[in-house]
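Engineer: Here is how the chains run, residue by residue.
Protein chains: 2
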Amino acid sequence: MGGEGGEKAEEKSGCIWRWRLKMVVLILMLRLLALFATAAATLVMALNKQTHTFAVATIGNTPVKITLTAKFQHTPANVMFVIANGVATLHNLLMLAFSFVNDKYNLKGLRFLIVATLDMMTIAVVSGAATAIAFMGELARNGNSHARWNKICDNFERYCDQGSGAMLASYIGILFLMLVNIVNIYELRRLNSVN
Amino acid sequence: MGGEGGEKAEEKSGCIWRWRLKMVVLILMLRLLALFATAAATLVMALNKQTHTFAVATIGNTPVKITLTAKFQHTPANVMFVIANGVATLHNLLMLAFSFVNDKYNLKGLRFLIVATLDMMTIAVVSGAATAIAFMGELARNGNSHARWNKICDNFERYCDQGSGAMLASYIGILFLMLVNIVNIYELRRLNSVN
Numbered sequence: 142m143g144g145e146g147g148e149k150a151e152e153k154s155g156c157i158w159r160w161r162l163k164m165v166v167l168i169l170m171l172r173l174l175a176l177f178a179t180a181a182a183t184l185v186m187a188l189n190k191q192t193h194t195f196a197v198a199t200i201g202n203t204p205v206k207i208t209l210t211a212k213f214q215h216t217p218a219n220v221m222f223v224i225a226n227g228v229a230t231l232h233n234l235l236m237l238a239f240s241f242v243n244d245k246y247n248l249k250g251l252r253f254l255i256v257a258t259l260d261m262m263t264i265a266v267v268s269g270a271a272t273a274i275a276f277m278g279e280l281a282r283n284g285n286s287h288a289r290w291n292k293i294c295d296n297f298e299r300y301c302d303q304g305s306g307a308m309l310a311s312y313i314g315i316l317f318l319m320l321v322n323i324v325n326i327y328e329l330r331r332l333n334s335v336n
Numbered sequence: 142m143g144g145e146g147g148e149k150a151e152e153k154s155g156c157i158w159r160w161r162l163k164m165v166v167l168i169l170m171l172r173l174l175a176l177f178a179t180a181a182a183t184l185v186m187a188l189n190k191q192t193h194t195f196a197v198a199t200i201g202n203t204p205v206k207i208t209l210t211a212k213f214q215h216t217p218a219n220v221m222f223v224i225a226n227g228v229a230t231l232h233n234l235l236m237l238a239f240s241f242v243n244d245k246y247n248l249k250g251l252r253f254l255i256v257a258t259l260d261m262m263t264i265a266v267v268s269g270a271a272t273a274i275a276f277m278g279e280l281a282r283n284g285n286s287h288a289r290w291n292k293i294c295d296n297f298e299r300y301c302d303q304g305s306g307a308m309l310a311s312y313i314g315i316l317f318l319m320l321v322n323i324v325n326i327y328e329l330r331r332l333n334s335v336n
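Same order as they appear, the protein sequences are chains B and E.
Following my numbering, the numbering of the first sequence begins with 142 at its first residue and continues without gaps.
Following my numbering, the numbering of the second sequence begins with 142 at its first residue and continues without gaps.
Fair warning: there could be bad hints in the mix.
Where chains are identical, the list cannot tell them apart; a pair therefore holds if satisfied intra-copy or between any two copies.
Derived DSS-like pairs (lysine-lysine); straight-line CA-CA distance at most 30 Å [what the hints assert, rightly or not]: (1) K190 <-> K292; (2) K206 <-> K292; (3) K292 <-> K212.
Rather than coming from a laboratory, the hints here were simulated on the basis of the structure.
Use the sequences and the hints to build the structure in full.
Structural biologist: Below is the structure:
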């Protein structure tokens, strides 16, 4: 209240306020990047489709052709990938929206705990989906002689490349989500030592 | 110091101390359970091997037999699974060991941040490995007619079941790791509001 003490307290509170604002902007930017990455992964995978025409035999001089289409829905891992990245995109959108909601619903930092838990779960699910299609892609590229599963990427190269692109985007999304989570925890820790 | 204020402060500090002890014991127990789960997943998968003898043809009255062995090393996803769960086990062991190290190396809660980050990364990696073998197992059980990959679990049933068991253990490990992480963050939050 007035005097030197009051000014100091005001200065300190202003300093904390500026620092919190910086952190909030940092988290918003990181989350926006994660949102773009997971949205890109969802779209790139959901639009993954390639049609290939093979000449399977020749009768006289006429080649017999069959046309096969590789779609992302043909592999369950890809379906889970699209769902997981879609959910992660939605999660990021909701968290972005919630960060503009007034702090009075904070309930002694409970909001922070919920956000951190949801972030962690999203990371786990998206990481699972991305790793699953990584190994499915490896199988599609190289086959597995032990199980007599043949490679299919020699015929559907663009399909496989597009899947790899989606996987890469998803991993980038996970990286940004992890950064969001680390910054979040760091902020809580620093609030802890500042107060 | 002394008088009523001192007693109250002492009481409060004792209360916090007891509460912290409870939290530490809870985290230790949860981490121990996670350790057991990931260690079990590693062992069950690493010991997964089944030999099966097929009758492929009959020459006269003599059946022609071939013997095939399914080993976990035949699928890259399984190798990654063993490594990931092994690393998670090691991580849990190290964290258990570190929790008995004196608090003076805490560096203003930085230790907490590092533990939370490592936990998060372990969750992501183990979740990826478990989901990858989940989809590999689905493929082995049902095959994929689009890619002309045949199921193999009809011949190697025990092999597939053992893989599923390892997967289940791994998911339980992830669950306990998530609980450790949530309790950790909750503790930091409460320290924040108590101080």
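Engineer: Indicate, hint by hint, whether the structure satisfies it.
Structural biologist: Hint by hint, here is what the structure shows:
{"no.": "1", "hint": "K190 <-> K292", "result": "both (17 Å within a copy, 24 Å between copies)"}
{"no.": "2", "hint": "K206 <-> K292", "result": "both (20 Å within a copy, 27 Å between copies)"}
{"no.": "3", "hint": "K292 <-> K212", "result": "both (16 Å within a copy, 20 Å between copies)"}
The structure shown violates none of the earlier numbered hints.
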